[in-house]
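Protein chains in written order, with the numbering used here: chain A, 25 to 228; chain B, 25 to 228.
Treat the hints as calculated values from the structure; they're not laboratory data.
One or more hints might be untrue.
The list cannot tell twin chains apart, which means a pair is met if one copy fits it or any two copies do.
To be verified - For lysine to any residue, the following SDA-like pairs were computed, each having C-alpha atoms within a straight-line distance of at most 20 Å:
hint: 1; residue 1: Lys149; residue 2: Ile210
hint: 2; residue 1: Lys83; residue 2: Gly140
hint: 3; residue 1: Lys167; residue 2: Val72
hint: 4; residue 1: Lys167; residue 2: His79
hint: 5; residue 1: Lys33; residue 2: Asp180
hint: 6; residue 1: Lys33; residue 2: Glu77
hint: 7; residue 1: Lys33; residue 2: Asp89
hint: 8; residue 1: Lys47; residue 2: Leu184
hint: 9; residue 1: Lys167; residue 2: Leu218
hint: 10; residue 1: Lys165; residue 2: Asp61
hint: 11; residue 1: Lys33; residue 2: Ala76
Number of protein chains: 2
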Amino acid sequence: MLNISALEKLVHELSRLPGIGPKTAQRLAYHILRSKDGYVERLSDSLVRIRAEVHTCVKCFNYTDTHECKFCRDIHRTDDSLCVVEEPSDIMKVESSGAFRGRYHVLHGVISPLDGINAQDLKIKELIARIDAGLRSEGPKIKEVILALDADLEGDTTILYLAKLLQGKEVRLSRLAHGVPIGSDIEFIDDRTLGQALENRVEL
Amino acid sequence: MLNISALEKLVHELSRLPGIGPKTAQRLAYHILRSKDGYVERLSDSLVRIRAEVHTCVKCFNYTDTHECKFCRDIHRTDDSLCVVEEPSDIMKVESSGAFRGRYHVLHGVISPLDGINAQDLKIKELIARIDAGLRSEGPKIKEVILALDADLEGDTTILYLAKLLQGKEVRLSRLAHGVPIGSDIEFIDDRTLGQALENRVEL
């Protein structure tokens, strides 16, 4: 056999997944080999299906297997509040907080010049179009845009860029609050976070 | 959509892999969704291939995509020493130690009555047949059998069972040495291991 074996190929492909090193990939491959009851077929089938059926929502760019995703179709959600996230997986995080009942908009990335990702690579003009359509009463009116982006350099850059773009438009713009994570020890909080937590202290 | 979505199905299948919880499965699924350059197709293809092409070696029961595995075909390995392991993945561990150049035999499990695994479920009669064939000069003569099984209850039980089966046969039987792992701190070694390390101390 001159070409790479099926087992080596599977180990190679698995090791390209995030957080999966060569050793874990090998363990997973051996587990898959040992598996019974058609597991390999089901896993392979679900991979094929995900490519064939899953695409982005025409409105918010979340992943979906329908024309509009379930959050855009949900009639119990309010149209006037829009939460902007970086990736579709972030929607799950916001949802599990239970603190938001509006609509979403997925940017599919943040501005990161070092990685060659600029504003035009993201779903930013689609975001502006959604807001503008509401302002012209051609679509649901959006009163508030919440930027739920990561609290890092790229997230901050994107927030600044969006704030500039939305300047002068009749829409409230907000970002996530910085502060002490619940259950954490003050001793281990970094200075900037603690500074923000002090500044934004809540009266009792 | 009444049936489960493709994304949920992939998360479900991934979360059945060892060491992959629901959160990691979701992260992997989203990564797979975002992946480009035909990664999904390659991963799916390698799964199909592994099922179609990989089977157990006719001699040692290692996984292989040829009739005999590469260790059984390797003419530079000696036939007189046989290393018995629990799983095919254990062969990789022994190989990377560089301390063994003989042949292998994979039991595909260890005796574990609590899990309902008995001697007849393992490749034990095939092991005896290999040894007997050598003794009758119908196959390569095996002079030593090294039992490289886990140092736990099931491993020990299997070693005792094999020792009894091989009693009276003209073959040296050995097991892995117990002792202090290289680079480890004496303070953190359990009493039984330290006891064995003392008993089997090496003269300098």
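Going through the hints against the structure:
When the C-alpha separation of Lys149 and Ile210 is checked against a cutoff of 20 Å, the pair qualifies neither within a copy, at 41 Å, nor between copies, at 63 Å. In the homo-oligomer, the alpha carbons of Lys83 and Gly140 never lie at most 20 Å apart, since the shortest distance is 26 Å inside one protomer and 54 Å across protomers. With identical chains, the CA atoms of Lys167 and Val72 are never at most 20 Å apart, being 40 Å at best within one copy and 50 Å at best between copies. In this assembly of identical chains, the alpha carbons of Lys167 and His79 never lie at most 20 Å apart, being 28 Å within a copy and 62 Å across copies at closest.
Within a single copy, Lys33 and Asp180 get their C-alpha atoms no closer than 40 Å, and across copies no closer than 35 Å, so neither meets the 20 Å cut-off. Taking CA atoms no more than 20 Å apart as the test, Lys33 paired with Glu77 passes between copies only; the shortest distance there is 12 Å, against 26 Å inside one copy. Proximity of Lys33 and Asp89 under a CA criterion of 20 Å is satisfied inter-copy only: 12 Å between copies versus 30 Å inside one chain copy. Taking the closest pair of Cα atoms, Lys47 and Leu184 never come within 20 Å of each other, the shortest separation being 42 Å inside a single copy and 31 Å across copies.
For the identical chains of this complex, Lys167 and Leu218 are neighbours neither inside a copy (31 Å) nor across copies (70 Å), given an alpha-carbon limit of 20 Å. Taking the shortest Cα distances, Lys165 and Asp61 never come within 20 Å of each other, neither inside one copy (51 Å) nor across copies (39 Å). For the homomeric pair Lys33 and Ala76, the shortest alpha-carbon distance between copies (13 Å) is at most 20 Å, but the shortest distance inside one copy (23 Å) is not.
In terms of the numbered hints stated before, the structure departs from hints 1, 2, 3, 4, 5, 8, 9 and 10, listed from lowest to highest.
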